[in-house]
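Got chain W sorted already, so can you dock chains X and G onto it with the hints?
Chains W, X and G, in that order, give the protein sequences.
If you use numbering that gives the first Met the number 0, the first sequence corresponds to residues 0 to 152, in order.
If you use numbering that gives the first Met the number 0, the second sequence corresponds to residues 0 to 429, in order.
If you use numbering that gives the first Met the number 0, the third sequence corresponds to residues 0 to 472, in order.
Incorrect hints may have been included.
In silico DSSO-like links for lysine-lysine, alpha-carbon gap of 27 Å or less [to be verified]: (1) X:K194 - G:K75; (2) X:K238 - X:K7; (3) G:K85 - X:K406.
What the hints contain is simulated information worked out from the structure, not anything from laboratory work.
None of the values given here were measured: they were computed from a predicted structure.
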Amino acid sequence: MRPDTRAQIEALFARYPAKRGALLPAIYLAQAEKGWVDADTTRELARLFELRPVEVYEVLSFYNMFYTVPQGRHHVYVCTNVPCSLRGSRSLLRGLEAYLGVQAGETTKDGRVTLGHEECLGSCGTAPVLRVDGAYHENVEFADARRIVDELE
Amino acid sequence: MQSEPYVKNYLSEHYGSDAYRTLEGYADAGGFAGIKKALSLPPDEVTELVKASGLRGRGGAGFATGLKWSFMPKTAERMKVIVANGDESEPGSFKDRMIMERGPFQVLEGILIGAWAMGAKRSFLYVRGEYGESIRALQAAVEELRAKKYLGKACFGKKGFEHDIIVHCGAGAYICGEETGLLESLEGKKGQPRKKPPFPAQHGAFGLPTTVNNVETFAHVPFILERGVEWFRQRGTEKSPGTTLFGVSGHVERPGLFELPLGTPLREVLGMAGGVRGGRRLKGVMPGGLSMPILPPSELDVGLAEELLVPKGTHLGTGGVMVMDETTCMVRVACVTSYFFRDESCGQCTQCREGTGWVHKLCERIERGRGTAEDLALLDDVPSLMEGQTICAFADAAAWPIQGLLKHFRADFQAHIDEKKCPFSESFEL
Amino acid sequence: MPKLTIDGREFQVAEGRTILQAIDDLGLLMAGVDIPHYCWHPKLSIDGSCRLCQVEVEGMPKLQIACNTPVTDGMKVHTANERVAKARRGVMELLLINHPLDCPICDQAGECKLQDYAFDYGVAGARTKEPRRPAKKSVELGPTIVFDQERCILCRRCVRFCQEVPKTGELGVFGRGDESLLETFPGKPLDNPYSMNVADICPVGALTTRDFRFKIRVWFLDDVESICNQCARGCNISASRSNNKIYRFVPRRNDAVNETWMCDHGRMSYKLNGQGRLAHARVDGKPSSAYAAAQRAGELARQIRAAGGRIVGVASPFASNEELEAFRDFLAELGAGPARFAVPRGESDEILVEAEKAPNANGCRALGMTETNDSLGHADLAFVLGHTTHAAAFADVRRVVLIDSHESALSARADVVIPARTFLEKLGHFTNGDGIVQRFDPVVEPAFEALSEREALDEIRKSAVSAAAREPG
Chain W
0 MRPDTRAQIE ALFARYPAKR GALLPAIYLA QAEKGWVDAD TTRELARLFE
50 LRPVEVYEVL SFYNMFYTVP QGRHHVYVCT NVPCSLRGSR SLLRGLEAYL
100 GVQAGETTKD GRVTLGHEEC LGSCGTAPVL RVDGAYHENV EFADARRIVD
150 ELE
Chain X
0 MQSEPYVKNY LSEHYGSDAY RTLEGYADAG GFAGIKKALS LPPDEVTELV
50 KASGLRGRGG AGFATGLKWS FMPKTAERMK VIVANGDESE PGSFKDRMIM
100 ERGPFQVLEG ILIGAWAMGA KRSFLYVRGE YGESIRALQA AVEELRAKKY
150 LGKACFGKKG FEHDIIVHCG AGAYICGEET GLLESLEGKK GQPRKKPPFP
200 AQHGAFGLPT TVNNVETFAH VPFILERGVE WFRQRGTEKS PGTTLFGVSG
250 HVERPGLFEL PLGTPLREVL GMAGGVRGGR RLKGVMPGGL SMPILPPSEL
300 DVGLAEELLV PKGTHLGTGG VMVMDETTCM VRVACVTSYF FRDESCGQCT
350 QCREGTGWVH KLCERIERGR GTAEDLALLD DVPSLMEGQT ICAFADAAAW
400 PIQGLLKHFR ADFQAHIDEK KCPFSESFEL
Chain G
0 MPKLTIDGRE FQVAEGRTIL QAIDDLGLLM AGVDIPHYCW HPKLSIDGSC
50 RLCQVEVEGM PKLQIACNTP VTDGMKVHTA NERVAKARRG VMELLLINHP
100 LDCPICDQAG ECKLQDYAFD YGVAGARTKE PRRPAKKSVE LGPTIVFDQE
150 RCILCRRCVR FCQEVPKTGE LGVFGRGDES LLETFPGKPL DNPYSMNVAD
200 ICPVGALTTR DFRFKIRVWF LDDVESICNQ CARGCNISAS RSNNKIYRFV
250 PRRNDAVNET WMCDHGRMSY KLNGQGRLAH ARVDGKPSSA YAAAQRAGEL
300 ARQIRAAGGR IVGVASPFAS NEELEAFRDF LAELGAGPAR FAVPRGESDE
350 ILVEAEKAPN ANGCRALGMT ETNDSLGHAD LAFVLGHTTH AAAFADVRRV
400 VLIDSHESAL SARADVVIPA RTFLEKLGHF TNGDGIVQRF DPVVEPAFEA
450 LSEREALDEI RKSAVSAAAR EPG
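Just chain W, with the same shape it has in the complex (with noise of 0.2 Å):
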C-alpha cells in the first residue's frame, strides 16, 4: 500500500465512533491502488485497523464491489433484475459476452474488461442500465453498448 494511501486511511479514523468504522472506505482506498486487494494489501488492512487478516477478508469477500482476484482494466456491469430484463437487458448481456469472448464474470483475454452482471442498480426507469467504471449509462440498447466497450482503452 502507498503511503498516501495509508495516510488518507488513517485521516478517516476520526470520523467513526470506532476505527473499524473506517474499514469500508478504508478498503475503496486501498482498492483504487491497483483495481483489487491482495492478501498483502489485506494484511496491511488488519494491521492498520488492529483486525485479524481474516475479519477483512470475509468483509471484503461479503460485498460485491470488493475484489480479491485481478480484475479487468474497465468494469462492464449490466444489470439483469426483472426491471432491467423486461426491457430487455439480458439480450444486451448475451449480445456483450459474444462480442467480448467472455462470459458474465469473465476477463477478456488482453486484461481490457471485465464484463458482469448486477442486481438492480436503481435505474429501472431508464432500463435498461449498464454501470462502467461506475458511470450509468441509461436506456442502452446493444448498439449503444458496443460503441461504449470500443472507447475503453
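Chains X and G alone, transformed into the frame defined by chain W:
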C-alpha cells in the same frame, strides 16, 4: 442522469433545477424553513408534530416515523446517532437515487430536524456504493453546510445544537438496506442483520442509541415543519398521508418517477406512465418492489397505500411499480426474482441461506421444461418454510413474490410442466 | 425470580436469562426439555442463526428463538406443538438439502447432532433432486483439525470459539448466502493451544481431529469419567475406551473448573498412558515380581530402621488423595517424618492451563506435606510414591524404593522399583488448584502386573512391620 419525475409535487418541484442542488439555490427555493421552524420549538414538540403528521417510513416497512423518533432515549448519557438509509437496492425502486441526486439538501435538512428533535450529535448517511452521483451530490451538500456553519458546534447559530453528518459509502449488498444489516456494515463488518433484542434505539450504530430512517422519509420532514401537519395530511390517505415518488418500470410506454399522493389508484399511475407498451394487454403488476407479491390485472383499482394493498395480499413496499405485459413468462420472472434473493441472502439463517437457493433451483428446473408436479408442489411449500422465521424480513421478501406468482399465475408454471418447455416464445430473454 | 412455564411445567429461573439459558441452568436442556439447537452453545456468545430452537411464546405472534428470547415473569412457552414441530422439520430439511448425507463414511456418525435431530425432528426422505453444493473435502485447517466443507452447516460455533476462548480468531465465514464457506486466511492456519475443542463443538462431521478421525466408530467406545492430570486445573474429561484401549480424551462440562473445554496438550496426554511404562518390578536392576519387590522394600526398611538409619518419604503431586493419605500413614508407622514433594512448573495462560503441571499438589499440601525442590541431603532410604521430576535431589540418598507407573531418571537408579497403575487404571481423587476435590474412575486395566500405590504400600508395610515383629529387639 435519470430524467426528472414526470409528475411533480412538493418534494420534486425543483428537481429539474441544478441550482436546487446548491445551498444557495435550495435556500432561494424556500429551503431551510423547516429546520428554522424546528429550532424555534422544543425538541419534543418537533417529534410530536412528526407524530401528528402521520408520516410513515418510506423505506418499505411503513413504520410511523414520529413514533420511531420517540423510542430514542431522552437522556444524553451516551451520544445519540441518526442513520439515514440511502442504500436503496429494492429492485424496481429508484426514487431515493432521484431524491439524493436532485434534492440532497432536503435529506440533510430532514436529518438536522431529526437531530434537533432527538438530541443526536452525529448522523451517518449510508448510501449504496453503486450510487456514485448520489454520493457526490450529498458530499458536496454536506461540505456546503459545514462551510456555512449549518453543521458543527452550533448549527444554524443555535447554541447547544451540535451536529455533524458523515456520508458513508456502501459496497454492494442488498441486505445493507435492512436497518441492522446497515448498522453492521457501517461498523465495518459484514452486513449481516442483528438479532433483536437489543433494538437500535438502545444499542444501534457502534453500540450507541440510534434511529434509522429512509432518506425519503427525512426529505418529507422539512415540508411538514414548514407547512404544517394539516397541509401534509391533505395529501394521501388518512393512514398514509403525503406523497411518494412512485417508480414505474417494465412494460409501460413511459417508465419513470411520478410523485403522487399515497393511495393513488394503480390504474391512474399506469395511465400516467402511458399504459402498457405497444397496446399490449397487462399481465401483472408488482406494486411495491420485488419483495412484494404481484397483483393481477383485476386489481388495478386498488389505491397504492399500505392499508389498501394489504387486503389484496400485497404491500406498498418502496412504491416500485413493475409492470408486465402479456408476453411475460411469469416463471422467468420467478427465476430472476429467486436468483436475486439467492444472490443477496447474507447467509446467516438456515431457512434463508438454504431456502433461497432451493427455490431458485426449482424455478430454473421448471423454466427449463424439466419440472414435474412434485417440483411445483415443492415450490408451493419451500417458501412457507422460510417465511416469518428468520432474523430479518429478507426471507419473507424472498418467499412472498414467489407465493404471489404461484397464486395468480399458476397456469404459467403448469404450462411449463405440461409442455416440458417454456411456452412463452415472446417473453423477455432469460 | 421469574416464573417460566414450559409445556405446562413451571420453573423458577434466574433473572436476565434467555429461555435456552434458563433451561440449561436447570440442567434440563435435552434432558427433560427438548429444545434442539445448533448455533447456541452454553459457553459461547449467542448467534441466533440456525433457527432450530424456535419455540412458541404465548402473546408473541411469530415463533421465537429460545436462545435469544429473554425470559419474562409468567412467560408461557410451548416446545412440542405442531407449529414448532413444522418449523423444526423445515430447518432440518433445509440443512440437509446441501448436506452430502455421507454418514457411512463420516467419522461423526454416532455422535452427530444432524443425525440425532434428523431422527428426532426431521423427515426420513429427501424431497430435493438438486445437486448438492460442491465444496472441498479434507481441508487441513491446521496441525490438529481436518475440515470437510461439504458437511458444514455454518453454525459458526467454531468461529466464535476461536474469537472468544483462545482469542486467536483464525476462522471466518467468507462469501455470503448459500455460497458462504468456513475458511482460514492464507498463511494463518487454525493453530492454537485449544484448537481441538472446535471438533467437540462442531455439531456435525465438518471438523474432526486429525488424531482421532477414522480410528474407530464411536459406538464401539464407552466413556469413563476422569480428570486430566496435566496441570492443577484438573479439567473434567471423558476417556473413551474400547477393548481396554484409550482412544481419546474429550472435555466433560464442569462450569466450576473447565466449563466445556480442555487444552490440546491435555487432550493428547491420553497417549502417555501407554508410553515409557514401568512394566516390570526390579530389585537391584534385576526383574522381580511386584510382590517380591515389595517384600524386599519392606526388608530394607526394617534393616535400616533397626540400624537407626534415616528414612525419608517423597510424595508426588501426581498421586491421588487416597494414596497420599496411605503414604502419610505408612511413613508415620515407619517413624519417618512427613513426606516432601516437588511440583513441576511451567507456563500458565489466562484460560485453563495452570503453572503447576501436576493435578494434585493441593492434595499433598492438605496432608501437611512439605513442598520443596531442595536436595534430600543424606538419607539411608527414600520411599518415593509416584512420579517425581527431581532425580538430582536424591544424590546423597543411599537406597531408593520407587513406586511409579513410568520410567524416569530416578527409576534407573532406584534399588527397588515397583510398577504402579496410572490414574487411568484406578479410582481416586485429585484436589485441583482451586481446592475442588474431583473423582476419577478406572478406564483401562494395565497390560502387566501392576499394583496400585496403596497395594504396594500395604505389601511393604506388612513386610517391614511383620518382619520387625518376628525379630524382637
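Results for each hint:
no.	hint	in the structure
1	X:K194 - G:K75	holds, 21 Å
2	X:K238 - X:K7	holds, 22 Å
3	G:K85 - X:K406	holds, 22 Å
No hint from the list above goes unmet by this structure.
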